[in-house]
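Same order as they appear, the protein sequences are chains A and B. When you line the first sequence up against the numbering used here, it's residues 9 to 388, in that order. When you line the second sequence up against the numbering used here, it's residues 18 to 211, in that order.
Some hints here could point you the wrong way.
Facing chain A, a subset of chain B residues (Cβ under 7 Å, in silico) [claimed, not checked]:
1. A43
2. E44
3. I47
4. V53
5. V54
6. Y59
7. F81
Straight-line distance between alpha carbons at most 27 Å, and here's what the computed DSS-like set of lysine-lysine pairs gives [what the hints assert, rightly or not]:
8. A:K381 to B:K106
9. A:K312 to B:K22
10. A:K308 to B:K158
11. A:K308 to B:K22
12. A:K381 to B:K22
13. B:K22 to A:K384
14. B:K106 to A:K384
Simulated from the structure, these hints should not be mistaken for lab results. The model shown is predicted, which means the values in this text are computed figures rather than measured ones. C-beta: ideal position from N, C-alpha, C; glycine also.
So you can see what is in the structure, the chains are spelled out below.
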Amino acid sequence: MKKKTSYQLMQGNEAVAEGALAAGVDFFAGYPITPSTEIAEILADRLPESGGKFIQMEDEIGSIAAIIGASIGGCKTLTATSGPGFSLMQENLGFACLAEIPMVIVNVMRAGPSTGLPTSPSQGDVMQARWGTHGDHPIIVLTPSSVEEAFLYTIKAVNFSEKYRNPVIILMDEVIGHMRARVSLPPRSMVERVNRVQPNMPPEWYLPYERSATGVAPMASFGDGYRYHITGLVHDAKGFPTANPNEARDNIRGLFAKIERGFREICLVDYELMEDAEHAILAYGSMVLSARSALEQLRKSGIKVGLIKLGTLWPFPRFALEHFLPQLKTILVPELNMGQIYREVLRVNAGKAVIEKLNRVNGTIIAPDEIIKTVKGLAR
Amino acid sequence: MKQTKTEIRLAGSGGQGLITAGIILAEAAILDNKNVVQSQSYGPEARGGASRAEIIIADGPIFFPKATWVDILLAMSQKASDQYSFDLKAGGIFIVDTTYVNQIPTSSALAIPISSRTREKFGKELFSNIVALGVICEATKVVSSQALQAAVSARVPAGTEKMNTDALAFGKKLAKEAIKHNNGVVAEIIEADS
Numbered sequence: 009m010k011k012k013t014s015y016q017l018m019q020g021n022e023a024v025a026e027g028a029l030a031a032g033v034d035f036f037a038g039y040p041i042t043p044s045t046e047i048a049e050i051l052a053d054r055l056p057e058s059g060g061k062f063i064q065m066e067d068e069i070g071s072i073a074a075i076i077g078a079s080i081g082g083c084k085t086l087t088a089t090s091g092p093g094f095s096l097m098q099e100n101l102g103f104a105c106l107a108e109i110p111m112v113i114v115n116v117m118r119a120g121p122s123t124g125l126p127t128s129p130s131q132g133d134v135m136q137a138r139w140g141t142h143g144d145h146p147i148i149v150l151t152p153s154s155v156e157e158a159f160l161y162t163i164k165a166v167n168f169s170e171k172y173r174n175p176v177i178i179l180m181d182e183v184i185g186h187m188r189a190r191v192s193l194p195p196r197s198m199v200e201r202v203n204r205v206q207p208n209m210p211p212e213w214y215l216p217y218e219r220s221a222t223g224v225a226p227m228a229s230f231g232d233g234y235r236y237h238i239t240g241l242v243h244d245a246k247g248f249p250t251a252n253p254n255e256a257r258d259n260i261r262g263l264f265a266k267i268e269r270g271f272r273e274i275c276l277v278d279y280e281l282m283e284d285a286e287h288a289i290l291a292y293g294s295m296v297l298s299a300r301s302a303l304e305q306l307r308k309s310g311i312k313v314g315l316i317k318l319g320t321l322w323p324f325p326r327f328a329l330e331h332f333l334p335q336l337k338t339i340l341v342p343e344l345n346m347g348q349i350y351r352e353v354l355r356v357n358a359g360k361a362v363i364e365k366l367n368r369v370n371g372t373i374i375a376p377d378e379i380i381k382t383v384k385g386l387a388r
Numbered sequence: 018m019k020q021t022k023t024e025i026r027l028a029g030s031g032g033q034g035l036i037t038a039g040i041i042l043a044e045a046a047i048l049d050n051k052n053v054v055q056s057q058s059y060g061p062e063a064r065g066g067a068s069r070a071e072i073i074i075a076d077g078p079i080f081f082p083k084a085t086w087v088d089i090l091l092a093m094s095q096k097a098s099d100q101y102s103f104d105l106k107a108g109g110i111f112i113v114d115t116t117y118v119n120q121i122p123t124s125s126a127l128a129i130p131i132s133s134r135t136r137e138k139f140g141k142e143l144f145s146n147i148v149a150l151g152v153i154c155e156a157t158k159v160v161s162s163q164a165l166q167a168a169v170s171a172r173v174p175a176g177t178e179k180m181n182t183d184a185l186a187f188g189k190k191l192a193k194e195a196i197k198h199n200n201g202v203v204a205e206i207i208e209a210d211s
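Chain B extracted, bound-state conformation:
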């Protein structure tokens, strides 16, 4: 069996919940019985500075904990898009939140206004990170749907499970719509792996 390794980077601003999203994604990978390492980088500010979470999911051992050439990139700020789009592997999946990314560097990106659609649907952007996880799951299948659902429920504060489950489903719906809009094309990586 071919050993696979998927490097994921979630990048945006502090306060968007990307590190939490990274932890949830990593926990989902463990539930899928994969090996995983999650790391993060953020500025000294509590909110507003650059923030990124990286997750490496593999069947075998993982040595270096940081992502270098990423298979999946989520950009939730213009700065993140500008800074990291060059790190995407050929055929990698690039998801941009067009609420905060106005200039998208490539037409092959999966462009979804994640934060603004979350605000419309739930009244606040608080759930954007979970919606983004729904988008990632649907577009990349990097973790199974059941594992992600279980990881979300286990990590979010008690009493918010229902809202977060809805957010996850909403993210999947947004991804389906966007993929349909792209004539069914996400990126080549899915085909290469299957």
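Looking at chain A on its own, in the form it has when it is part of the complex:
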């Protein structure tokens, strides 16, 4: 006990706010909604202290519009909401995907649909995060499963958004958002900050959507002397609308190509006790906590079970599953929805292992005992 680490009690939502500040977010626009409100509350207090801006908007449509604008102006931006607000943001989320605007949306999920159970946990927005906005588009969705990860993944989210010029969504469930735990966060100096690539050619040579070798185009901030056009229409390298099939193809394919290139980096996956596992629990968010607790007891009773923890939901980290499929007899997917990631697991599994789901949509969390019982049944 010589080396003294300083610990503090921190809430998941608070950790997101701290992560945003550590990552260099300097603009937040939002509209308060349970169970995400603490993020706005804390940033309203803290952002102005460090020269950043906080705006409470009239609604969530205004909120996402404001962070898109601020991002184009050169800010690192973030907003926080929950299901009902996330629904309102979908239209402009699509705009941000096509216009390639770096920004982060935090959705602290509550039980839905509609107003639902405002203070209860759920993981019902997994597919909405993937396909909520219309049209074929790539998206990055991260999901923390502890207070510490809420901090770390927020930093990752900001960095990914800057690096890939793409909106990143943090899906947290109410359990992670509201739980408080003893944490020791790394100092600011240890935090990696990624900044979008800016153009270095003369303004008259700049083509705002001409992809560099990385697949991402340098992004000039409005006001820096680079005059260019941004539109929600499919566009050419100059940013002007086009209906030319080749240019349209390059535009949409280019969106996917940059994320495919970063696939391995973007996919955050952890494995626990998987080396000799014959059975696996695949979990994310608060279900990781139940699964971990179940794992300990299942191992004690001699069942060779491990945990595949997804930190990234989209793009779906299929390799995490494929790697272990040859050794697995069964996979259990506990979720606080009717089985949204379960379907992805089925798709990747292609009939190799027995896949079972365990679902809950009543506003309560799945307890470790229920996972233990189900895995024991499967292992028999």
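For chain A, the structure is supplied; the task is to place chain B on it using the hints.
Relative to chain A, chain B alone:
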């Protein structure tokens, strides 16, 4: 050394300050150099709905953040007492605020009119949650007295430290009286752990 884990649930109505009490208790546990997780559950109302805070204090890692079988239960409403008394472990400590709990399901509960005694002493029930923390500390020793005092002072609004310190001491006094009245018996858990 035996690894210990204590699950605590503070339950009552929204507005009684139970979530704040839960946060303070968790911060006290950190000052005691323990691992801790605190979670909460409440209704959409600002006041009056069911509200509960849960705190798990352990020497080792804590996986699942919710309390399942509780070692310490504080009930500050009849509904909370009715709903959660079955979740108490055998030998667990059950503290009821008899201001709001008329039907106590077991004679082994530590029955104290926390809210009404707080009102008599301080003129309002505002400090009931801190008084309750004093009761919990004295009856269970789940956190050290010094850590709790420090956590209370750090969390309460500036200018109210003195009142809150008095409230904490008052809670301890109430617990001592009640334990004496119970012939010195709180519950078996204290003896099992020491």
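These are the hints, each one checked on the structure:
1. A43: holds (5 Å)
2. E44: At about 5 Å, which falls below the 7 Å cut-off, the nearest Cβ of chain A leaves the hint on E44 (chain B) intact, so it holds.
3. I47: holds (5 Å)
4. V53: Status holds, d = 5 Å.
5. V54: Because about 5 Å separates V54 (chain B) from the closest Cβ in chain A, which is inside the 7 Å limit, the hint holds.
6. Y59: Since the shortest Cβ distance to chain A is 6 Å, the answer is holds.
7. F81: For F81 (chain B), the interface hint holds, since the closest Cβ of chain A sits about 4 Å away, which is under 7 Å.
8. A:K381 to B:K106: Measuring from Cα to Cα gives roughly 21 Å; hence the hint holds.
9. A:K312 to B:K22: Distance of about 26 Å is within 27 Å: holds.
10. A:K308 to B:K158: Status violated; Cα separation ~31 Å.
11. A:K308 to B:K22: holds (18 Å)
12. A:K381 to B:K22: Cα-Cα ~23 Å, so holds.
13. B:K22 to A:K384: Given pair K22 (chain B), K384 (chain A) holds - Cα atoms ~25 Å apart, limit 27 Å.
14. B:K106 to A:K384: Status holds; Cα separation ~25 Å.
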